[in-house]
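Peer 1: Heads up: the sequence shown runs through residues 1 to 568, numbered per full-length UniProt numbering.
Be a bit skeptical, because a hint or two may be false.
[What the hints assert, rightly or not] Derived DSS-like pairs (lysine-lysine); straight-line CA-CA distance at most 27 Å: (1) K355 to K463; (2) K136 to K240; (3) K500 to K463; (4) K355 to K302; (5) K204 to K128; (6) K437 to K254; (7) K540 to K500; (8) K511 to K541; (9) K178 to K240; (10) K254 to K355; (11) K45 to K113; (12) K254 to K204; (13) K204 to K236; (14) K530 to K520; (15) K437 to K463; (16) K530 to K500; (17) K437 to K355.
Bear in mind the hints are in silico, worked out from the structure with no lab data behind them.
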Amino acid sequence: WSASDNAKGNTKRTLRTRTHTAQCEKSTEAHTAKRMKMSPVPRAKWFTSDLTVFCSVELSLDEWLAMTYNGTFQNLSLNDKEMEDNEPSNEPGPARTFQKFDMDFPVLMNDNKKTSVFVRPCYDELFKLLLKDIEKRNQSVGVTGSPGIGKSRFYAYCVFRLTQQPIHGRIMVIECAKLSFVFEDGEFRQISTEEELLQYQFNKNVIRLIDGLSNHLFSWTGVSILFTSPGYSDYKTFLKSTNVEYVMPPWTQKELSIAAEIADISIEAVNDRFDVFGGIARYVFSKQVDGHLRNATEAYSKVSGLEIFNVVSRREEVNEKMFPHRLLHMFPQHSSSQAYCRFYVTFGSNNIAEKVYDKLMNDCMDALTAFMVTNAEDTSSSGFRGKLFEIFCHRLWSSSGEHRLIGKLLHSDSQSSQEDEYSISIPAQVELRSFSKLSEIPVSEFAKNLPGAEAKAVYFRPKQKNFACIDAIYWNGQVCYLLQMTISNDHGIAHESLVKIHNWSTNLGIKYEYVFVVPKRQVEDYKVQKFLTTSRHVHKKPSKIAQGLVQYAVGVEMFPPKKDSKQL
1 WSASDNAKGN TKRTLRTRTH TAQCEKSTEA HTAKRMKMSP VPRAKWFTSD
51 LTVFCSVELS LDEWLAMTYN GTFQNLSLND KEMEDNEPSN EPGPARTFQK
101 FDMDFPVLMN DNKKTSVFVR PCYDELFKLL LKDIEKRNQS VGVTGSPGIG
151 KSRFYAYCVF RLTQQPIHGR IMVIECAKLS FVFEDGEFRQ ISTEEELLQY
201 QFNKNVIRLI DGLSNHLFSW TGVSILFTSP GYSDYKTFLK STNVEYVMPP
251 WTQKELSIAA EIADISIEAV NDRFDVFGGI ARYVFSKQVD GHLRNATEAY
301 SKVSGLEIFN VVSRREEVNE KMFPHRLLHM FPQHSSSQAY CRFYVTFGSN
351 NIAEKVYDKL MNDCMDALTA FMVTNAEDTS SSGFRGKLFE IFCHRLWSSS
401 GEHRLIGKLL HSDSQSSQED EYSISIPAQV ELRSFSKLSE IPVSEFAKNL
451 PGAEAKAVYF RPKQKNFACI DAIYWNGQVC YLLQMTISND HGIAHESLVK
501 IHNWSTNLGI KYEYVFVVPK RQVEDYKVQK FLTTSRHVHK KPSKIAQGLV
551 QYAVGVEMFP PKKDSKQL
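Please build the complete structure, drawing on both the sequences and the hints.
Peer 2: What follows is the structure, encoded as structure tokens:
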């Protein structure tokens, strides 16, 4: 070896020593960081309160069922104790208690900061279903719904409940992207090695709750419950083994107004934003709402008839990659054996429906009218098509020009005779009104026209999206027409609401007639409709008022209304 070689050797040894020292320091830092990550976190640090009463609100049974289930729940086996109760279902009922809890919970995709969580009525019902899946050891369970309705909040609620009352013999693991924690002995501990994660992955007693997505989604032997939007690329693959899925409903307007205090927003702002966003809490409660408003405006401008018809007819999941997710929402379509198990797609609010209708009428009128009436057997799109038809009918009354709708007196066997012919005439000028409650309509609106005086025609439209029993009231100066617009041959009448309307009209001393407004081609075979309980089952003991109701149907020709129509 030469001197230079010795120098080079010393230099190499020095470099190796420095490298080894640096590696040791990094290893020590990594070990320290790992040890810090693994420091257990007491439950009380992440969930800083128990369930506490937030408020009590008097709600009708209609309002409570809408909050709990939304969508269509007529097939559910609900308790029909109200069937013999003749009190109107939309009268104030018993006070319902709403709860909240506080959390500083970091294992979330978004909004992982200190916050108060409003416990929605649907949470408890969905949680009960998840407990059954845990008991049955269903390996893959999905909880989904429209983007922005709060699936992550429900995930946090489930973690809250399962840590508050752990299930004996089961181990809970929570995940969000790269983060994984196990809950043991009242504390959360981070799972920081692949080896430890594998131990839980192959443990059949594990209950795993996942928010949004997971880096280790597949091949777990315990129960895995994934809370995510339908746009997650691995979602359908995850569900393949068991196909157990629940669809969380959008918020109702009343529900949002109750939670407004927690979100620090006024009820007036909630109502205004509901018109634009529907029941999407993320947008309604946002502190930076201007950007969401711009996106909503862009969604209206870009809406395409073909795209929106395909989403509805194919019952496609509405995800954030699609502009229609700001216009169309996923609603649970409950079955007789299971709540929240399927979904249908329709508009988030009346205002959204009106704007989309106007855009489509302007862009593709023929395709729109054809879609309303030529897909009668398509149950997936019935709610959407029914709303479009309802708007079409509203515009008929608000358009300038005279119309005469011809129909018949209804019989149980659908037969009719010449003597049963019936019609409603709409004059060229109709005054337009809107109302939230029948009691808001001034008695003076129903002053009967004197002989020889000019007829006063007034059209009243409910502000609510789902005002029970009727879609509009038409007063022609002599008769009050209770109008129910529908494309369905089977459209039951809400019994308790009918009783209320009967009492209201009787107190005013005015005559009323109950009329179904349907596409013209359906009139001939249209039959007397049954009465429904508040939970939308066939009423077994309808009142004398209901039994004495005479039903009519009139047909609407599907032609475009005139462009100079008045708006409600």
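Peer 1: Would you mind marking each hint as holding or not holding in the structure?
Peer 2: Evaluated hints:
no., hint, result
1, K355 to K463, "16 Å, holds"
2, K136 to K240, "17 Å, holds"
3, K500 to K463, "18 Å, holds"
4, K355 to K302, "12 Å, holds"
5, K204 to K128, "21 Å, holds"
6, K437 to K254, "14 Å, holds"
7, K540 to K500, "19 Å, holds"
8, K511 to K541, "25 Å, holds"
9, K178 to K240, "23 Å, holds"
10, K254 to K355, "22 Å, holds"
11, K45 to K113, "12 Å, holds"
12, K254 to K204, "42 Å, violated"
13, K204 to K236, "22 Å, holds"
14, K530 to K520, "21 Å, holds"
15, K437 to K463, "9 Å, holds"
16, K530 to K500, "17 Å, holds"
17, K437 to K355, "24 Å, holds"
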